[in-house]
Amino acid sequence: MNALLQSSLLPRLAVGAKLHNVFKLSFSTAAEVQKSIDEMVKKSKVVIFMKGVPEAPKCGFSNAVVQILRMHDVPYDSHDVLKDDAIRNGIKEYTNWPTIPQVFINGEFVGGCDILLKLHQSGDLVEQLEKVDIHSALKDKKDDKSTT
Amino acid sequence: MLVDKGVHVMVKLLSGLFLCSRIMSAASQIPKNRVTLLIETILKKQLNPLTHLEVINESFSHTGISPLDEPELSSHYKLVVVSPLFENKSIVQCHRLVQQPLQDAEVFNLIHALQIITRTPQAWEKSQNVPEAPKCQGGDGRRKK
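Going down the list, the sequences are from chains Z and B.
The numbers in the working numbering rise by one with no breaks, and the one at position 2 of the first sequence is 2.
The numbers in the working numbering rise by one with no breaks, and the one at position 138 of the second sequence is 138.
Treat the hints with care, as some may be off.
[Claimed, not checked] Calculated lysine-lysine pairs in the DSBU-like style (CA-CA distance at most 35 Å, straight line):
1. B:K135 to Z:K131
2. Z:K83 to Z:K42
3. B:K78 to B:K32
4. Z:K45 to Z:K118
5. Z:K141 to B:K44
6. B:K78 to B:K44
7. B:K135 to B:K32
8. B:K126 to Z:K43
9. B:K44 to Z:K139
10. Z:K92 to B:K89
11. B:K32 to Z:K43
12. B:K45 to Z:K141
13. Z:K35 to B:K135
14. B:K78 to Z:K139
15. B:K135 to B:K78
16. B:K89 to Z:K35
17. B:K45 to Z:K131
18. Z:K141 to Z:K35
19. B:K126 to Z:K92
20. Z:K42 to Z:K141
21. B:K89 to Z:K42
22. B:K32 to Z:K141
23. B:K44 to Z:K43
24. Z:K43 to Z:K58
25. B:K89 to Z:K58
26. Z:K43 to Z:K83
27. Z:K131 to Z:K83
28. Z:K131 to Z:K42
29. Z:K131 to Z:K58
It is worth saying that the hints were derived from the structure and are not from the lab.
Next up, chain Z with everything else stripped away, as it sits in the complex (with noise of 0.2 Å):
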């Protein structure tokens, strides 16, 4: 009774899911996702809230974030919000940040696509990255013109 009236308060968990996943999703409340959010943003080094994919983003803001993490070859996890409604709200709650796509480097939110575009821009990226040990493509380039 209780999955029940549950899964008929949060609509969205009964579309399209399969049915051994309804009970194990219709309890995940909100502070579960808050959880879940927390572990995606800590477990790897640089982690992206986005909408699409990074081979087929589905959003211009989301696109430019990809293309320039793209010029710094670094690894990152993302994550595609448009695919659930949980984590698509759930990030913006996590954050206080009302916009997709976000970028956290080391459990740490960085910003969205203005704010990563003008770390890039600065140069300062390549310093944060660097400050939690992952080498930016672009440390390289830049070491070669101040060398030539």
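Fit chain B to the given chain Z structure using the hints.
Quick look at chain B alone, frame taken from chain Z:
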């Protein structure tokens, strides 16, 4: 007779040009719609002192929909905000200063995309270049037709 025809064609051409330039100037001066005015009012009230504010409605260029067809279209916005409030603050803190009053007024339920550029008055004096918004990739926004 031939001269008459020539004059007629000229008049037609000129009136066509005139109409064209009128349409173009109408497109470059999109009248502020409700959401644009709402954002402007909120930021003017909440950010004090405010050196410079531009609320740019980019919905038409993003979607390809004409402001003549849908004047209230308000999906994509760009904000250029210049204020001494941003001095000695991180970019995230600056953005939050702009976002918070908009969030409180539930503006994010009305719009799809928002680009924010924050500058201190000194930085603004040095450079008034603002980056262009990235091209829409569809998603759940309104794709360019």
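Hint by hint, where does the structure go against what was stated? Just the numbers, ascending. Structure breaks hints 5, 8, 9, 11, 12, 17, 18, 22, 23.
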